[in-house]
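Participant: Single-letter residue listing:
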Amino acid sequence: MDDMQKIVLDYVIDEYLEDEDEEITVDTPLISGGIVDSFSMVSLKRFLENKYNISIPDDKATPEAFDTVNKICSLVKEFVKE
Amino acid sequence: MAFNEKIRKIYQDQLDDIRSQGIFKQERFIHSSQAADIEVEFPTGSSLKKVINMCANNYLGLSSHPEVIKAAHEGLDSRGYGMSSVRFICGTQDIHKELEDKMTKFLGTEDTILFPSCMDANAGVFEAILDKDDVMISDRLVHASIIDGIRLCSAQHDTFKHSNMEHLEKKLQLHSDKRLKMVITDGVFSMDGDTAKLDQMAELCEKYDAMLFVDDSHATGFIGKTGRGTHEKYGVVGKIDIITTTFGKALGGASGGCVSGRKELIEMCRQKARPYLFSNTIAPVVVAGVNRVLDILSGSTERRDKLEANTEFWRKGLEEAGFVLKEGDTPIVPIMLFNAKLAQDFSKDLYDEGIYAIGFFFPVVPKGQARIRTQISAGHEIHHLEKALDAFIKVGKKYDILGKTKQEIIEKYGM
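If you read the protein sequences in the order shown, they are chains A and B. Here the numbering used here = 1-based position in the first sequence + 16. Here the numbering used here = 1-based position in the second sequence + 1187.
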C-alpha cells in the first residue's frame, strides 16, 4: 500500500465507518457497497482537494470514480502535478 | 407522436432493471377508511382481505376520527373546496392563518408557514434562508426530502455520522469560517425509530453559533409528555430554530406540512420559498380538519398516552418472544431480519396471517439491515396487538429466528 492509499483509507475509515469492527481494504466497494452514500461523498472530495491541493471537477467526481480507495487514488493522481 | 418504440424500450428496460433488483413498488388498494382494521385488495383483482394495519403513520388514530371528519365537513361547507390561487395572490383564508397560529403555539415557536406538504417544506426552506457562504451539516440518516432540499440550495453541505456528537462537533469546528451554519436532523428517524439527541445538539449549536433544524414529522403530536415533539422530550422547547413537520401522519394524516421557527426565517420563507410561492396551499377542508386535531391534542394527552402504552406492550411482547429489535421508545418498532429475502418472505407470511407490515431492505436501509418496520397507533386496541403478536411468533417460528442473535440469523440466512 502506498502513502496515498493509506491516507485515503484512513480517512474513509475515520469519516464513514459506523462499526469499529468493520474492516475495509483498498478494493472494498464504498458507494455500491453501501458504506458511503453518494450524498456524503462531498466531504471525501473536499478532503482530497485540500490534502493534495487539487480541484476535482464535478463531472469527474462520480460515484463510480469514488467507489474504492484504489479508484479514488487513480483519480487523484490524474490531477496531482508531478 | 414522439413516444416511439425505441423510447418505450428505454423505459421498459429501466423498469425491468428495477424489478430484477427486487425493489419494484406495487400499491395495495385499501377499500376502507384508514384505521387499525382495513380491507385490502392485494394482489390487484383478488378478493378483499381483512387485515390489521401495522404500517401506517396514523400514530394517534386520528385519520378517521369522527370529530375530525365532522370538522372537515364543516370546513368544506363554510370555506369551499379549493382556493384556485397561491397564498400571496388570493389563496389565504382566515383558517389558514388560524392553523399557522395554532401550530406556533403547539410547537412553542415564534411563527409558522404552511406548505402543501412537508416534502415541499423541506424542498423550499434551505434555499430560502441560506446561500453559498453558508454551510448545512446534516445527519447521515435524514429523510430523503431534506436531501432534496439541500441539493436545491447553493450553500455548501457536509454530513456527520448518525447521532454521533463527536463527529458533529468536528464538523462544526471544520466549518467555523462560514457565514452561517445550520445543523440538520430528523427528530425521530423513520427507519430505526430512534430520536436525535436534541439537548446535546442544541448545546453544540450554541457553542459554535450554529442554527438547529429538526424535521419532526414522525414526532409531532405524540413525542414528549404533551406530544409537542422531540424538542419537548429533550427539554429544548424554544431552542430549535426551525422545525418542519407534516399533517400527513399523526395530525389527521391527510396532507400538508409546515415550517415553524424564528420569525425572520419564516418571513424569508414567505418571500422566497418556491413551493410556497408557486403552489396552492393546503385545501380548506384539510385545514379545518387539522385545526380540530390541534384542539383535540391541546385539550388532552389521552391519545398520546394510549400510544405510549400500546408501544410498550408491543415492544415488550416482541422482546419476550425473542425477536431482535432496534432499541428505542418510539412507536416505530423495527424487527431486524438482516436478509432482504427473509424480510420479503416474512412480510408475505404475515399478510397471509392477516397482518399488514412491510419489509424494508437496501437501498431503503443499509445493506444487511433488512427488517419489518411496525408502527403502533393509538387506534390499535390490545386485541389487535395480541393478534399481531401471535402472527409474528408463528412466522418467527417458521423461520426459526426466535431467541436467535443477530449473528445467528445472519449465519442462517446471510446478509
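Keep in mind the hints are simulated off the structure, nothing from the lab. Source: prediction; values computed, not measured. There could be a bad hint or two in this list.
[Claimed, not checked] The following residues of chain B were derived to be distant from chain A, with all beta-carbon distances above 12 angstroms: (1) SER1304; (2) ARG1327; (3) HIS1344; (4) ASP1345; (5) ASN1351; (6) LYS1358; (7) GLU1598.
[As the list claims (entries may be wrong)] Not the full set, but computed from the structure, chain B residues with beta-carbon under 8 angstroms of chain A: (8) LYS1289; (9) THR1291; (10) ILE1334; (11) THR1346.
All C-beta atoms in this analysis are idealised placements derived from N, C-alpha and C, irrespective of residue type, glycine included.
Participant: Now, for every hint given, state plainly whether the structure supports it.
Facilitator: Checked hints:
1. SER1304: For SER1304 of chain B, whose nearest Cβ neighbour in chain A is about 21 angstroms away, the distance exceeds 12 angstroms, so it holds.
2. ARG1327: Label violated. Min Cβ-Cβ 6 angstroms, cutoff 12 angstroms.
3. HIS1344: 6 angstroms, violated
4. ASP1345: The claim is violated: ASP1345 of chain B sits with its nearest Cβ about 5 angstroms from chain A, within 12 angstroms.
5. ASN1351: 8 angstroms, violated
6. LYS1358: 8 angstroms, violated
7. GLU1598: 16 angstroms, holds
8. LYS1289: The hint is violated - LYS1289 of chain B has no Cβ within 8 angstroms of chain A, the shortest such distance being about 35 angstroms.
9. THR1291: 32 angstroms, violated
10. ILE1334: With Cβ-Cβ at 6 angstroms, under 8 angstroms, it holds.
11. THR1346: Result: holds, 4 angstroms to nearest chain A Cβ.
Hint check: violations occur at hints 2, 3, 4, 5, 6, 8 and 9; the rest are consistent with the structure.
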